[in-house]
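Participant: As they're listed, the protein sequences go chains E and F. Under this note's numbering, the final residue of the first sequence carries the number 144; numbering is consecutive throughout. Under this note's numbering, the final residue of the second sequence carries the number 1140; numbering is consecutive throughout.
Hints may be right or wrong, so weigh each one.
No more than 25 Å apart at the CA atoms, straight line, and that leaves these computed lysine to any residue pairs for SDA-like [as the list claims (entries may be wrong)]:
| no. | chain 1 | residue 1 | chain 2 | residue 2 |
| --- | --- | --- | --- | --- |
| 1 | F | 1090 | E | 137 |
| 2 | F | 1124 | E | 55 |
| 3 | E | 54 | F | 1124 |
| 4 | E | 131 | F | 1125 |
| 5 | F | 1047 | E | 135 |
| 6 | F | 1122 | E | 45 |
| 7 | E | 54 | E | 91 |
To give a feel for the contact side, a few chain E residues facing chain F, derived at Cβ under 7 Å [unchecked claim]:
| no. | residue |
| --- | --- |
| 8 | 38 |
| 9 | 39 |
| 10 | 45 |
| 11 | 109 |
| 12 | 116 |
| 13 | 118 |
| 14 | 119 |
Hints listed in this document are in silico derivations from the structure and should not be mistaken for laboratory results. In this text, a Cβ means the ideal position worked out from N, Cα and C, and glycines have one as well.
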Amino acid sequence: MISFVKRKKAKADIPTASMADIAFLLIVFFMTATIFAREKGLTMLLPEKGEEVKIASRNIMQILVSPTGKVLVEEEDGTLYEYRIADIRAEVEAALERTNDSISVAIKVSPLAPYSVMIDVLDEVKMADAKRISLIPFSEGGGE
Amino acid sequence: MKLTRRSRGGAAIPTASMSDIAFLLILFFMVTTVFSTEQGLKLILPKAEATQRIRLRRNTLNVWIDREGRISIQDKLMPAETPVEAFGNKLLQILAEKPDLVVLLRVDENARYGQISELIEKMKEVKALKLTFATQFEEL
Chain E
1 MISFVKRKKA
11 KADIPTASMA
21 DIAFLLIVFF
31 MTATIFAREK
41 GLTMLLPEKG
51 EEVKIASRNI
61 MQILVSPTGK
71 VLVEEEDGTL
81 YEYRIADIRA
91 EVEAALERTN
101 DSISVAIKVS
111 PLAPYSVMID
121 VLDEVKMADA
131 KRISLIPFSE
141 GGGE
Chain F
1001 MKLTRRSRGG
1011 AAIPTASMSD
1021 IAFLLILFFM
1031 VTTVFSTEQG
1041 LKLILPKAEA
1051 TQRIRLRRNT
1061 LNVWIDREGR
1071 ISIQDKLMPA
1081 ETPVEAFGNK
1091 LLQILAEKPD
1101 LVVLLRVDEN
1111 ARYGQISELI
1121 EKMKEVKALK
1131 LTFATQFEEL
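The following block holds chain E by itself, in its conformation from the complex:
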């Protein structure tokens, strides 16, 4: 007959000594990988009511946005031309260069225009590194 030999059972052991190390690694990983939702946007400093400064019209570059979202830019000779949003930056940069940064950009947006067009225009003007930007309410000084 076959003899049954009782096998020696190895003790099952999970090594727990490095458990804490693993846990700390996880903590450190998540600490470094976490990004807190920071607020971000386009910043502006508004003038105080009644403290608006008059600027000679030759030092102002006007950008108008129509109710349908068309963008009109005032050129050097004072006439308005329709521009694509992507072309505004080059135009503002050229104007800044021409006037040695002394120009102010006035953005006048129709109340009916979508907000996103206004942000697109403001973004382009900011990317052109214009220092003086003003948002002019449509009621002042007539519209289209």
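With chain E fixed as given, assemble chain F onto it according to the hints.
Facilitator: This is chain F only, laid out in the frame that chain E set:
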């Protein structure tokens, strides 16, 4: 007289379970922490390349404006009849506590500009002059 020296038991604080206690504490605080976040309104922010981070978070006031023109500040909807007036009054209240307030306008990209313009004029009136238009980073 016979003095017998008493055998002294070694004084030891068991430190093996220290880390367990620490983890329990960490877990407890992780589970009980509630971040104060505003619910706000449902909207899509416009994208802009010139988007910057805002430094001072404590001084920011979130103003949510959705495409229907509803305004929400600190999770309170402004009354629909006079939203701009209510916005101005609310601003004045908050400005009294935090003079360097930065107003963060979170406006839906499809909102009409007219109302935003009115809000900006109101901000000039109550001297809340630091304004930020919330945008998303635009990747090129």
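Participant: Evaluate each hint against the coordinates.
Facilitator: Structure-based check of each hint:
Using a Cα cut-off of 25 Å, the hinted pair residue 1090 of chain F and residue 137 of chain E holds, with the two alpha carbons roughly 22 Å apart. Straight-line distance between C-alpha atoms of residue 1124 of chain F and residue 55 of chain E comes to about 19 Å, which keeps the hinted pair within the 25 Å bound. With a C-alpha separation of about 17 Å, the suggested pair residue 54 of chain E and residue 1124 of chain F falls inside the 25 Å cut-off, and the hint holds. Distance hint between residue 131 of chain E and residue 1125 of chain F is fulfilled; the C-alpha atoms sit about 23 Å from each other, no more than 25 Å.
In summary, the hint linking residue 1047 of chain F to residue 135 of chain E is supported, as the alpha carbons are separated by about 19 Å, within the 25 Å threshold. Between residue 1122 of chain F and residue 45 of chain E, the direct Cα distance comes to roughly 14 Å. Compliance with the 25 Å bound is thereby established for this hinted pair. Between the alpha carbons of residue 54 of chain E and residue 91 of chain E the distance comes to roughly 23 Å, so the proposed pair stays at or under 25 Å and holds. Annotation: residue 38 of chain E was flagged as interfacial toward chain F, and the flag holds, the nearest CB pair being 5 Å apart, inside 7 Å.
For residue 39 of chain E, the suggested interface contact is upheld, since its CB lies about 4 Å from the closest CB of chain F, less than 7 Å. The interface hint given for residue 45 of chain E holds, since its Cβ lies 6 Å from the closest Cβ of chain F, which is under the 7 Å cut-off. For residue 109 of chain E, the interface hint holds, since its Cβ comes within 7 Å of a Cβ in chain F; the closest pair sits about 5 Å apart. Annotation: interface hint on residue 116 of chain E holds; nearest CB of chain F at approximately 4 Å, less than 7 Å.
Satisfaction of the interface hint for residue 118 of chain E is found here, the shortest Cβ-Cβ separation to chain F being roughly 5 Å, below the 7 Å cut-off. The criterion of a C-beta within 7 Å of any C-beta in chain F is met by residue 119 of chain E, whose closest approach is roughly 4 Å, and the hint holds.
The structure is consistent with each of the numbered hints, conforming to all of them.
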